[in-house]
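A.B. asks: Sequence:
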Amino acid sequence: MKKSIVVFDLLFYLIIPYLIWNQGRDMLGDYYAILLSSVPGFIYTIYRFVKEKQFNVTGMFILFSLFAGTTIDLLSGSAGRMLWNQVFFGIFMALLIFSTIFIKQPLGMHFAVDIAYLQGEPRNETQALYRKPEFYKHFVWLTALFAFRSLFQAGLKSYLLMEYGVKKYDFILFAMKISGWIFGGLITAGFVFISVKIYNYHERNKGPEEPGSKIQAEPKI
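Residue numbers (our numbering): 594 to 814.
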């Protein structure tokens, strides 16, 4: 299942957009070719959203990012303006994610609560556990990594635009996807690290085993 997700991610987020851009730019122009190349990823993201029933903080964040970004693209009017607007939107998203730390609602923690809830854990109890200082500090750092990813990618895209311009959109597309996957790996490692911490906490604090009781064999995050 995970292998098929990787294949579909590559197909809808990179391969098909590249083919649309490469084959359609002469006929459609840069702006409409870039705009059309984002359609497969948009449809695929909506499909994944509905299929995985992400009607929670995680899902709402994904939908907001998707619809806000698409609206900005549609209103841009030209390829160059659209790509620069994506840079500014990336900076806005970084500031928005950072702000969740300052209001003590780190986004990374809510993502983890949603994952645990989908695995059958009570939402309120899970959030209370994750707010313990020994876990909360890690969720703050994880949220900061989310924000830094948006900031870094905005900076990378602005550099590539100044260096190569819209004509090298295919190179910009590949560079952005690769950097996104690298950050995705770091974020996944962060979730695994916190998951192990929580698992060890449960192991230290579980009571004596009762007859017929089931012991959780792996962390639920």
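What the hints contain is simulated information worked out from the structure, not anything from laboratory work.
Be careful, since some hints might not be right.
[Claimed, not checked] Using 27 Å as the maximum straight-line C-alpha spacing, the simulated BS3-like pairs for lysine-lysine come out as follows: (1) Lys770 - Lys750; (2) Lys644 - Lys725; (3) Lys761 - Lys644; (4) Lys697 - Lys644; (5) Lys750 - Lys761; (6) Lys760 - Lys770; (7) Lys725 - Lys799; (8) Lys730 - Lys799; (9) Lys697 - Lys790; (10) Lys725 - Lys697; (11) Lys730 - Lys644; (12) Lys750 - Lys760.
[Stated by the list, open to error] Computed beta-carbon distance windows for the label pairs: (13) Ile665 - Asn615: 20 to 30 Å; (14) Arg641 - Glu756: 49 to 59 Å; (15) Lys799 - Asn615: 55 to 65 Å.
Think of the CB as a built atom: it goes at the ideal place given N, C-alpha and C, for glycine as much as any other residue.
A.B. asks: Going back to the hint list, which numbers does this structure go against?
C.D. replies: 2, 3, 4, 11 and 14
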